[in-house]
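> Sequence:
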Amino acid sequence: MRHQKSINHLGRTAAHRKAMLSNMACSLIKHKRIETTLAKAKELRKFVEPLVTKSKNDTTHSRRVVFSNLHDKYAVTELFREVAQKVGDRPGGYTRILKTGFRQGDNAEMCMIELVDYNETYTQATEKKASKTRRSRGKKAAAQVEEAAPAATAEEPATPAAE
Numbered sequence: 000m001r002h003q004k005s006i007n008h009l010g011r012t013a014a015h016r017k018a019m020l021s022n023m024a025c026s027l028i029k030h031k032r033i034e035t036t037l038a039k040a041k042e043l044r045k046f047v048e049p050l051v052t053k054s055k056n057d058t059t060h061s062r063r064v065v066f067s068n069l070h071d072k073y074a075v076t077e078l079f080r081e082v083a084q085k086v087g088d089r090p091g092g093y094t095r096i097l098k099t100g101f102r103q104g105d106n107a108e109m110c111m112i113e114l115v116d117y118n119e120t121y122t123q124a125t126e127k128k129a130s131k132t133r134r135s136r137g138k139k140a141a142a143q144v145e146e147a148a149p150a151a152t153a154e155e156p157a158t159p160a161a162e
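Last residue of the sequence shown: number 162 in numbering that gives the first Met the number 0, and the count goes up by one each step with no gaps.
Read the hints as simulated data drawn from the structure, not as lab findings.
Hints are not guaranteed to be accurate.
Dumping the calculated EDC-like pairs for lysine to aspartate or glutamate here, alpha-carbon to alpha-carbon at most 20 Å [as the list claims (entries may be wrong)]:
hint	residue 1	residue 2
1	K72	D88
2	K29	D71
3	K55	E77
4	K31	D71
5	K85	D116
6	K98	E108
7	K29	D57
8	K98	D71
9	K53	D116
10	K29	E77
11	K45	E34
12	K31	E48
13	K31	E42
14	K29	E48
15	K53	E77
16	K31	E119
17	K98	E42
18	K45	E108
19	K29	E42
20	K72	E48
21	K98	E34
22	K17	E42
23	K55	D116
24	K45	D71
All chains, please: the whole structure from these sequences, using the hints.
Written out as structure tokens, the structure is:
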């Protein structure tokens, strides 16, 4: 039974696992999106999200705590300057995991992990879907569409003539 065993060791020693997660977190902060296996991404999410929360409070102590985990001053600077600005009002959930399929060699489940606020294409697509409403195709709806079509064509020739 696996009761109370929440850490996935990923088949590595503790030092190797800590170094790997630190390097992956630095890459995620610098590039905003990385591709990895699903198991590593889920562990990386647990590693990165507390660091992003720490970056909201820009003090010397919080910078030192984050640096002790990342060991990369450029990643720490990027985290406190740019990432913290974008996620300042977000209460949590700074990363998103998108499954991409299976790896060719060993059939491992692959995914992309990204910082949520940096994917503009995904947020624009959800906004477009949210703005649509469902309408019935009954007789009333068809009559309204036919009435609106001649009115629109009548306005179009009037605007070029005014210019």
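> All hints are to be evaluated individually against the structure, with a verdict given for each.
Verification of the supplied hints:
no. : hint          : verdict
1   : K72 with D88  : violated (24 Å)
2   : K29 with D71  : holds (11 Å)
3   : K55 with E77  : holds (12 Å)
4   : K31 with D71  : holds (16 Å)
5   : K85 with D116 : holds (7 Å)
6   : K98 with E108 : holds (8 Å)
7   : K29 with D57  : holds (18 Å)
8   : K98 with D71  : violated (28 Å)
9   : K53 with D116 : holds (17 Å)
10  : K29 with E77  : holds (7 Å)
11  : K45 with E34  : holds (16 Å)
12  : K31 with E48  : holds (13 Å)
13  : K31 with E42  : holds (17 Å)
14  : K29 with E48  : holds (15 Å)
15  : K53 with E77  : holds (13 Å)
16  : K31 with E119 : holds (12 Å)
17  : K98 with E42  : holds (15 Å)
18  : K45 with E108 : holds (19 Å)
19  : K29 with E42  : holds (18 Å)
20  : K72 with E48  : holds (18 Å)
21  : K98 with E34  : holds (10 Å)
22  : K17 with E42  : holds (11 Å)
23  : K55 with D116 : holds (15 Å)
24  : K45 with D71  : holds (19 Å)
When the structure is compared with the earlier hints, violations turn up for hints 1 and 8 and for no others.
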